[in-house]
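In order, the protein sequences belong to chains A and B. The numbering of the first sequence is the working numbering, which starts it at 1 and goes up by one. The numbering of the second sequence is the working numbering, which starts it at 1 and goes up by one.
Hints are supplied without guarantee of correctness; some may be wrong.
[Unchecked claim] Some but not every residue of chain A turned toward chain B, in silico, with C-beta under 7 angstroms:
#, residue
1, Ala-50
2, Ile-187
3, Ala-235
4, Val-242
[To be verified] Calculated pairs, DSBU-like style, for lysine-lysine (alpha carbon to alpha carbon, straight line, at most 35 angstroms):
#, chain 1, residue 1, chain 2, residue 2
5, A, Lys-121, B, Lys-71
6, B, Lys-224, A, Lys-224
7, A, Lys-224, B, Lys-71
8, A, Lys-69, B, Lys-224
9, A, Lys-324, A, Lys-71
10, A, Lys-69, A, Lys-224
11, B, Lys-69, A, Lys-121
12, B, Lys-324, B, Lys-361
13, A, Lys-121, A, Lys-224
14, A, Lys-71, B, Lys-224
15, B, Lys-324, B, Lys-71
16, B, Lys-69, A, Lys-224
17, B, Lys-224, B, Lys-71
18, A, Lys-69, A, Lys-121
[Unchecked claim] Just so you have them, the derived chain B footprint on chain A, three or more residues with Cβ under 8 angstroms:
#, stretch
19, 55-66
20, 196-206
21, 219-233
Derived by calculation from the structure, the hints in this document are not laboratory data. Since we're looking at a predicted model, the values are computed, not measured. The C-beta atom is built at its ideal place from N, Cα and C for all residues, glycine as well.
There are 2 protein chains.
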Amino acid sequence: VNETQQLARLIVRSQPQDIPAAVGHEARRCILHWLGCSVAGSRQESVQCALAAVDELSGPRLATVLGRKEKLDVGHAAFINGVSADVLSFSDTHPATLIHPGGVIGSAALALAERAGAQGKPVSGVRFLHAFVIGFQVACRVGLSVYPWHYRRGWHITGTAGIFGAAAAAGMLMQLDERQMVWALGIAATQSAGLREMFGTMSKNLHIGRAAQGGLMAALLAGKNFTSSERSLEAPRGFAEVLGHAPDLAAITADFGSRHEILQNTYKPFPCGVVLHPVIEGCALLSTANRIQAGTVRRIALRCNPLVLELTGILSPATTLEAKLSVYHAAAAATVAGQGTLQEFTPEFIHHPDVLALREKVDVVVQAGMGEDEADVTIELVDGRAFHCHIEHAIGSADRPMSDRDMQDKFRGLTAALLPASQVDGLIEACGRLETLDDAAQLASLATARGTA
Amino acid sequence: VNETQQLARLIVRSQPQDIPAAVGHEARRCILHWLGCSVAGSRQESVQCALAAVDELSGPRLATVLGRKEKLDVGHAAFINGVSADVLSFSDTHPATLIHPGGVIGSAALALAERAGAQGKPVSGVRFLHAFVIGFQVACRVGLSVYPWHYRRGWHITGTAGIFGAAAAAGMLMQLDERQMVWALGIAATQSAGLREMFGTMSKNLHIGRAAQGGLMAALLAGKNFTSSERSLEAPRGFAEVLGHAPDLAAITADFGSRHEILQNTYKPFPCGVVLHPVIEGCALLSTANRIQAGTVRRIALRCNPLVLELTGILSPATTLEAKLSVYHAAAAATVAGQGTLQEFTPEFIHHPDVLALREKVDVVVQAGMGEDEADVTIELVDGRAFHCHIEHAIGSADRPMSDRDMQDKFRGLTAALLPASQVDGLIEACGRLETLDDAAQLASLATARGTA
Chain A
1 VNETQQLARL
11 IVRSQPQDIP
21 AAVGHEARRC
31 ILHWLGCSVA
41 GSRQESVQCA
51 LAAVDELSGP
61 RLATVLGRKE
71 KLDVGHAAFI
81 NGVSADVLSF
91 SDTHPATLIH
101 PGGVIGSAAL
111 ALAERAGAQG
121 KPVSGVRFLH
131 AFVIGFQVAC
141 RVGLSVYPWH
151 YRRGWHITGT
161 AGIFGAAAAA
171 GMLMQLDERQ
181 MVWALGIAAT
191 QSAGLREMFG
201 TMSKNLHIGR
211 AAQGGLMAAL
221 LAGKNFTSSE
231 RSLEAPRGFA
241 EVLGHAPDLA
251 AITADFGSRH
261 EILQNTYKPF
271 PCGVVLHPVI
281 EGCALLSTAN
291 RIQAGTVRRI
301 ALRCNPLVLE
311 LTGILSPATT
321 LEAKLSVYHA
331 AAAATVAGQG
341 TLQEFTPEFI
351 HHPDVLALRE
361 KVDVVVQAGM
371 GEDEADVTIE
381 LVDGRAFHCH
391 IEHAIGSADR
401 PMSDRDMQDK
411 FRGLTAALLP
421 ASQVDGLIEA
431 CGRLETLDDA
441 AQLASLATAR
451 GTA
Chain B
1 VNETQQLARL
11 IVRSQPQDIP
21 AAVGHEARRC
31 ILHWLGCSVA
41 GSRQESVQCA
51 LAAVDELSGP
61 RLATVLGRKE
71 KLDVGHAAFI
81 NGVSADVLSF
91 SDTHPATLIH
101 PGGVIGSAAL
111 ALAERAGAQG
121 KPVSGVRFLH
131 AFVIGFQVAC
141 RVGLSVYPWH
151 YRRGWHITGT
161 AGIFGAAAAA
171 GMLMQLDERQ
181 MVWALGIAAT
191 QSAGLREMFG
201 TMSKNLHIGR
211 AAQGGLMAAL
221 LAGKNFTSSE
231 RSLEAPRGFA
241 EVLGHAPDLA
251 AITADFGSRH
261 EILQNTYKPF
271 PCGVVLHPVI
281 EGCALLSTAN
291 RIQAGTVRRI
301 ALRCNPLVLE
311 LTGILSPATT
321 LEAKLSVYHA
331 AAAATVAGQG
341 TLQEFTPEFI
351 HHPDVLALRE
361 KVDVVVQAGM
371 GEDEADVTIE
381 LVDGRAFHCH
391 IEHAIGSADR
401 PMSDRDMQDK
411 FRGLTAALLP
421 ASQVDGLIEA
431 CGRLETLDDA
441 AQLASLATAR
451 GTA
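One chain only, chain A, in its complex shape:
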């Protein structure tokens, strides 16, 4: 069996009408979510440094840097939008592979949609959604063929497998034929890279950008009949054997048209490790429902899974990174703000007097029987009243996925400070009716910051 050729054939022969409604729905959510992450990440240092480095290389500035005013050529736009998608570590996750597919696939596809629009042949919303779904599928299926050995070995799978998905989506938007798609997958395979050693540095974000850009480049090259191996996935010196061990090649194409990986996709409601999610949800819920003022709180009593203190036990966090590892901060901040967004993890908020005072009042009791997505929260006031709630499964967990409304709220939280309200609403609306758009590049213009670069 030649998996590479089989995969290319499945990609090229796939039709938009083959995509089930539920898959299209999840793809619209995933695209909105990625756009939110990239807009929110667009002012972070990784993005600033990368943009400063590549700006001098930019070709015709056809493509949008999400959340900003600058434009770049399509390759570099895909790169920067991949970096920004990852920088807040707030992306989507395909649990079976730990791939964060949205940013890689989206960044490659959107840049090509803008290119097509500039060439007077816009990519419709239907075609964009279709390419996104298949690109997502390809990245995750390739990932499944080598996971978990590949990830344990030290490969950052979002980069290494993501590039295949980016190449597939880009190739579809360029309408590559089957042979060219084989080459695009091969050119992706032979650029596949990214080490987990980079976690904690800007180069982690680089992986997502380079995978998007490299996948796009693979499609551009294949479109000019630049050749590659036609067995790049399965050959003895191909991707799966060289970057994997005893790969499960069948995972690549099995039930390709009927078992869509995107239906397994998950999203983080809060910008920190998942063990803190039930705590934040409980505190925010009680605070909001009861209009609790920080000064009136006597004690916040938590019962949680033991991992909470093991992973997030920092008592006096000073930085954003430390605050994300502090249950004390998380509980105090969610109580003060009634929410747990990026805002509540900024240095300003961490050092806010109300938060500093309240985190001293957080008592944590861990209990082996509690689920990782479970928490019991009691907020006692100085006037003697107490409010209690029990979060059995935190929002965003497998048992309680985020609703469309939750996704929209997260998107608003990510973008409100950076885009005008009309554009925030416009993006939610446009993603919601993506299949009706004549030109998917509208998403890019709606995600552009106002003013001049």
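Starting from the structure of chain A, add chain B where the hints point.
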């Protein structure tokens, strides 16, 4: 020991005056040789396709596409010049790692020299040579740390290790500080890619281009303080452990300043497998010395190492690739032409009546005792005369490296059809006195084809 930081320190602290004269001499030869390969390769299909794909992405066209009229931004020029360096499989080889370093290091360094010139701060020949020597050293040392397991596993080491050398050379020309150099090496590490499965396709050439471009990109990013791991070579999830097995980390920095890998570099005199080299040399020598006309030959009798028939036994080659695997063609062609250049492996030459007639007259006897670089050649004429020579060690073998004159002849053979004679002479002259150049980018302008793009 932290190898990455140690290596960065060695790179940054190295001074041009630390480079021994013999090392500088070999670097000048290597640079001339690479320029010849890239110019000669510049019209091949890999280059045409790649150029067609990236042209639309090009930023400011500051940099030369060697051997052609087009210009590209520095990143894409490094890419294309890397592709052209490799496309004829005629490059230099570092025998201990099988890396072909010249094209990767040269392409990155030359593009940055052109950038510097455009910014009014030209890179002197002294600095260029220095960066080239150190970049060469870094690529080979990183390669040594993982060879041979890495290569056997399926990694195309010219790409995977080459990118470190390109990053080092580029970083030196950008005058990165030590910390930035650590990051540049890390950004190189996490882009390191290239599968041997691509051999026989254009994507093999891609590896050299992407390594040059990726190394240059690593230096540009690091120059803007884009961070990476500071242990990218040695960490458990770093380059050597993930892409290698039981790596020899000490090889990276041991005797870095005194044991120069470039002194081991080798060059092919003829554009085919080395087992044919003594045959071609012998036939060309007899033909030239005795002004032999093809029509006057009765028989060409060869005694060779058994590998000759094993690897190059094709009787009636029809294509360039087949001709390179045919001792019959090689002997006939070298006798007809008095040389064995690219010209003698073109389809036109392969089907030339004199060559077709003569290859029927080639008799090959293999003999176990003959060296791989040895051949015994007798050309018998119809008039009864016979000429004989014995090649004990073919030119280009370890025992008989190509002289400077041989290198110049090869360079002329590579470039004569594509550049005006004045530029061919100019390049030989400029490489010969590289340390006296005020602006190393002169090499690029001398290697530009005439006319408009």
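Does the structure keep Lys-121(A) and Lys-224(A) at a Cα separation of 35 angstroms or less?
Distance of about 19 angstroms is within 35 angstroms: holds.
Within 35 angstroms, alpha carbon to alpha carbon, are Lys-71(A) and Lys-224(B)?
19 angstroms, holds
Is the Cα-Cα distance between Lys-69(A) and Lys-121(A) 35 angstroms or less?
Holds, at roughly 24 angstroms.
Please verify whether Lys-324(B) and Lys-71(B) have alpha carbons no more than 35 angstroms apart.
Measuring from Cα to Cα gives roughly 33 angstroms; hence the hint holds.
Is the hint on Ala-235(A) kept, meaning its closest Cβ partner in chain B is under 7 angstroms away?
5 angstroms, holds
Below or equal to 35 angstroms on CA atoms is what counts here, so check Lys-324(A) against Lys-71(A).
OK: Lys-324(A) and Lys-71(A) at ~33 angstroms, within 35 angstroms.
Are the Cα atoms of Lys-69(B) and Lys-224(A) separated by 35 angstroms or less?
With Cα atoms ~20 angstroms apart, Lys-69(B) and Lys-224(A) stay inside 35 angstroms; holds.
For a C-alpha distance cap of 35 angstroms, please report whether Lys-121(A) and Lys-71(B) respect it.
OK: Lys-121(A) and Lys-71(B) at ~28 angstroms, within 35 angstroms.
Is the interface hint for Ala-50(A) satisfied, with its Cβ closer than 7 angstroms to some Cβ of chain B?
Since chain B brings a Cβ to about 6 angstroms from Ala-50(A), closer than 7 angstroms, the hint holds.
Would you check the hint for Lys-224(B) and Lys-224(A), treating anything up to 35 angstroms between C-alpha atoms as holding?
33 angstroms, holds
Check, residue by residue, whether the stretch 55-66 of chain A contains three or more positions whose beta-carbon lies closer than 8 angstroms to a beta-carbon of chain B, and give the verdict.
Check passed, 5 qualifying residues.
Do the numbers back the hint for Ile-187(A), that is, is its least Cβ distance to chain B under 7 angstroms?
6 angstroms, holds
Checked against the numbered hints above, the structure breaks none of them.
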